[in-house]
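Enquirer: Each chain is listed here by its residues.
There are 4 protein chains.
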Amino acid sequence: MNRERQAAGRTLNVALIGQGFMGRAHSNAYLQAGRFFDLGAQLRRKVICGRDAARLEDMAARWEWEEISTDWRAVVERPDIDIVDVAAPNALHAPIAIAAAGAGKIVLCEKPLAMSAEEGARMVEAAKGLPTMVWFNYRRVPAVAFARRLIEEGRIGRVFHYRAAYLQQSGNDPTRPPTWKTEKAQAGSGVLGDLLSHVVDLALYLNGAITETQALQKTFREGRDVDDATLALVRFANGSVGTLEASRFGVGCRNRNTFEIHGERGMIRFNLEDLNRLEFLDSSEPGNVQGARSVLVTGPDHPYAGNFWKPGHIIGYEHTFVAALADFVQSLETGVAFHPDFEDGQRVQLVLAAMEKAAGSGRCVRVDAAGLG
Amino acid sequence: MNRERQAAGRTLNVALIGQGFMGRAHSNAYLQAGRFFDLGAQLRRKVICGRDAARLEDMAARWEWEEISTDWRAVVERPDIDIVDVAAPNALHAPIAIAAAGAGKIVLCEKPLAMSAEEGARMVEAAKGLPTMVWFNYRRVPAVAFARRLIEEGRIGRVFHYRAAYLQQSGNDPTRPPTWKTEKAQAGSGVLGDLLSHVVDLALYLNGAITETQALQKTFREGRDVDDATLALVRFANGSVGTLEASRFGVGCRNRNTFEIHGERGMIRFNLEDLNRLEFLDSSEPGNVQGARSVLVTGPDHPYAGNFWKPGHIIGYEHTFVAALADFVQSLETGVAFHPDFEDGQRVQLVLAAMEKAAGSGRCVRVDAAGLG
Amino acid sequence: MNRERQAAGRTLNVALIGQGFMGRAHSNAYLQAGRFFDLGAQLRRKVICGRDAARLEDMAARWEWEEISTDWRAVVERPDIDIVDVAAPNALHAPIAIAAAGAGKIVLCEKPLAMSAEEGARMVEAAKGLPTMVWFNYRRVPAVAFARRLIEEGRIGRVFHYRAAYLQQSGNDPTRPPTWKTEKAQAGSGVLGDLLSHVVDLALYLNGAITETQALQKTFREGRDVDDATLALVRFANGSVGTLEASRFGVGCRNRNTFEIHGERGMIRFNLEDLNRLEFLDSSEPGNVQGARSVLVTGPDHPYAGNFWKPGHIIGYEHTFVAALADFVQSLETGVAFHPDFEDGQRVQLVLAAMEKAAGSGRCVRVDAAGLG
Amino acid sequence: MNRERQAAGRTLNVALIGQGFMGRAHSNAYLQAGRFFDLGAQLRRKVICGRDAARLEDMAARWEWEEISTDWRAVVERPDIDIVDVAAPNALHAPIAIAAAGAGKIVLCEKPLAMSAEEGARMVEAAKGLPTMVWFNYRRVPAVAFARRLIEEGRIGRVFHYRAAYLQQSGNDPTRPPTWKTEKAQAGSGVLGDLLSHVVDLALYLNGAITETQALQKTFREGRDVDDATLALVRFANGSVGTLEASRFGVGCRNRNTFEIHGERGMIRFNLEDLNRLEFLDSSEPGNVQGARSVLVTGPDHPYAGNFWKPGHIIGYEHTFVAALADFVQSLETGVAFHPDFEDGQRVQLVLAAMEKAAGSGRCVRVDAAGLG
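Chains A, B, C and D, in that order, are what the protein sequence lines are.
Take -10 as the starting number for the first sequence in the numbering used here and just add one per residue.
Take -10 as the starting number for the second sequence in the numbering used here and just add one per residue.
Take -10 as the starting number for the third sequence in the numbering used here and just add one per residue.
Take -10 as the starting number for the fourth sequence in the numbering used here and just add one per residue.
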């Protein structure tokens, strides 16, 4: 990392490794973060790196990256690069992130952090002392951040139940060709890493540590070596219990990532397909007016929303990347710890690893996150 | 009316004139009211009266009416009858009700009270001093009665807007034969009397007097001499304004009777198709937790709900007739005024008449209800 | 059972054992079944039986039972009784049902069938050859029966996921005194038998046999010896997987009994709090018009709905008892097998037993229903 | 207009007049249109113009405008400017647009086009032959454009009813200071021009010409000289009827812009607060599976959605500006007519003028749009 540059609070040169859907979402975040947030630093879209030069040219033109490269090993060593952002397939997360960390870069990595907890542990170790971020972008949905605030303020009290599911239906399309996401060698797992990692991250963010789990995995599509669905029962350190679920055969659901939390003072419910809304029930009110309220989380008194438009003027999927990046860059300037960092990403890996083990053995498995700060 | 009988609080002999859908709903109410409510009187299903003797036999057997009759003129004169309940087609409301009132009976009448405001005025006059009821049963939906309570308690404050529509789709079925409801001679009007009367009654109940109106009527089906749709703009005495609408061409709506009220302190919303729910928004709360709550109006602290089942155990359409009848019978015993009575029914007629006149002339028309108590 | 009486298809004398909330719901069913359905037999409300004579007097007067009794042992032996309906606390299900079966009666029993699978097996054995019924009334919600029809017609195809939860919040009220439902000696279990039994019955009804399960149980309220929440993962014989859940600490939920099924051709979703609606998504349609439809299940072409009111005129909780009873009485006359009978009730017990064992051991447990027909 | 530049399809220099909320939304559109759409031209953010130089500096820095100016008269005459975009208060629409048109520029104008139909007519006249656009951005909500496509394909058949309301609650906040939007001299009207103009534009877009109207206007806030609410009844040229409504006292509604259309073959429903969804009911299906489907309009087979993210990944308010601008710029290159242009904006003005006249007189008023192409 070029410390002078950062200290001056001026310009951070970014290298983005990845040219797919995530490459596009991250590019937009680098372009937009400074429009809606005061970052305290300039983000310079220096180089975009991937395997397909023609496609890189197009992305560079469209999103105004200054250079392209097909050699990530060279890129992460470049002295003029401050930030390395890993948006390549899962199998490349550890190699790239570890190399970038070795070169002293600020490292951002798409979720899941790693293909396994072992890999994750090495990444955490490599990045020790460096600013890191894992792109669990849904923490920055205003409604999700607001849910966290309500919980911290005690608005739902002691939690009893946490119930979450991330459902897509892509698996049910037999004409859809396999991708790296459906191969164990490239992805490490199926929905476990792809979708359930989001579910677990939000569970940890909103409800704290998971202590043990039982799980069940299923591959519906013949010839696949990864899980199409993973279902888990969990116990949390705070005494609550929950079901966590993810599937690519959730027919009828395009991108339904929901959670629902029942506490002694209320209930909270969220669905990513309606991400501008949060349902909240306050059970401390008189019984006859209790009901789940549909709160449009777009007001000046909601997280992030004031940075975008006016009350009632909704935001979309991409804004979660913008807000996550803005928070991260601000944390570089303020020194306030940013989450989720690599350690948070590794906490997710440890839960996923326990779920895999539980599913394989048909037995309850404890989660051990003792090694993390 | 057999006053001794009533004074003793024992048994009220009922004559029901009507053998159609309403005859069935009323029969059920007479059967069930005493199961769920303490009435202070016994309702004896004495005689059911209509034109079709065979069908009457069946109804009498099924709903345990003691006798049948095809001569309403004789029935309403019978000294052993205390209550005459008019559930015949609209054209018979005035003749039967006036005859029954002339014989001193307690008179109940299906909505709309009359075919016209002139007819309604004669009915009010005839029934003066007698207990009367108009079957605007939706006032007794627990959620509607609860809405009224919230309004009376000032929970939505000064009202700005009242918006209501009653939409069905029967008109859009070209195979459906005409009935008395689609003939002006039998019904007096189309949706104006059939559906908009319910809308106007609830508007008066929840938001007070209507002072003036503009309206538009439309017959979509060729060959019909009644309105398939009536739309109106209204001003209320309390300063609020509104749109009231009814249609038989509201395709997609089976029985959608909705209202929505915006006041300075909140909003209330209701849909008859989900009659166990009331949406309520309290705008006096902090802005970031404001949202329309979906309240399940089935609790012990909600009107009527405690008489039926337990919280969360919903009721249906028929229960509104049961609760309306129970309230009415209790009012006979307690002497507390019951609403809606014939005067309330006539208030609705006067608004409907103004709407018809407004629609015919394309001009704003004032509603004059000066003659009523 | 008085066979002459039944053969004549005339009158069936009923003895109802139970005077609580279920006694009331069953009383209503006996009163109403013949109004809405052609039963082929008369149901005579002969005797209501319970422990509290004063309360029995009141119930008998209100629901027109001819006699009361506080001695169920005597009642079930009476030669003039054809049907014994067990609506007493769980601990009495087996003793009463076995005695009634021993006396050759038609036996109806509230859910859960028994306190344990062992008890259930004895009940099934005792009632062999006799008509029986378990009051899993939610099978007769029109929307649920319609869901089954859609599934049988292949409208959602091969099933991937079945997700269900029955959530109430009574446990969260610290002022609420314990009842027989919160004591293991009286109830056998907590939500497992009380609420999860409903969930399991509907799962078996809609998605077929469950082959194995993992589970987790939790008692939130100190001093209770029953489960406040039970969560389970299950595998079905048809290859689908699911989560089944029940809780009395589902704060925000009055009576939310939901299921959601994803199949290769569509999705189905239901919530008991809105029991007149079924959500259905047909994924064989063009992608751009796919969406979960909210179907109001009140039409002439829906199960049961035509027996009640008109399209869009909703029914309530009590109607599920009415329809279940009507189906059962009709089955006595037609000889067509009725479900759920005691064997179906025992199938539920076997799944519940496996869940309890799984929760206790933290291991996956197979369900063995080999003994049943 | 610099025709060489345009013909070359290379770079269009933009002058944006406006520095408020709309200035920000337009700036974002100029920045983003080329990222998500192939425009066939480059948009160069040349100069941003307004009254407050300090604020302009900030906006220019944040949104990368090359220059600032406080003199719109000079800007619109600059030979290097191709596009003049008017996002100033209503009172300036006509002066700026007419001056820009006089200088031969491509002219874009925020809605409403004008303060009055007279002003609008002059603007149409001035811009004759020039490419123009009015920022009725909601036509480019994917769900709205998809609704139009469904209608054009006959999916709802002959239309019976069109019902729309745009409700906000800003008027109910007594602490909120007046702005130019609440002064007749600056805005021309209250919600009529501000919100009802959107409603009318979508009505014309989706359901065709309006032939006559009755209306009612209300000012709830003392001391205001503009309408806080306008309600109207309308007849459409296609034989359908409707209610159109707008209010700043729609308490409980942040930005609720809804429409609902009933046709002989189906129903369509939309709410801007959930702009990624369209409800669609197909009444040509078997009755028992009919229901309003909630379609997530984010698929590759939906308008615009494929330009943004993946199915189920929602977009926000700002994207409607991006898509509108992209369509407009593409139309410059392809020569395909763009709508809504100034003539479309004037069609809205003529309806609004008729409504104002109707409200003032309490009489039905015909809309005459004969002068437009």
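Just so you know, these hints were derived from the structure itself, not from any lab.
Beta carbons are placed, not taken as given, at the ideal position from N, Cα and C, and that holds for glycine.
Incorrect hints may appear among the rest.
What the hints assert, rightly or not - Heads up, simulated BS3-like pairs for lysine-lysine below, C-alpha to C-alpha not over 27 angstroms straight-line:
1. K299(B) x K346(B)
2. K299(A) x K346(D)
3. K346(B) x K170(D)
4. K346(C) x K346(A)
Unchecked claim - Over 12 angstroms on every C-beta distance to chain B, these chain C residues come out as not near it, computed from the model:
5. T59
6. A63
7. A80
Enquirer: Run every hint past the structure and note whether it holds.
Expert: These are the hints, each one checked on the structure:
no.	hint	result
1	K299(B) x K346(B)	violated, 47 angstroms
2	K299(A) x K346(D)	violated, 32 angstroms
3	K346(B) x K170(D)	violated, 37 angstroms
4	K346(C) x K346(A)	holds, 21 angstroms
5	T59	holds, 23 angstroms
6	A63	holds, 27 angstroms
7	A80	holds, 22 angstroms
Going through the hint list in order, the structure does not satisfy hints 1, 2 and 3.
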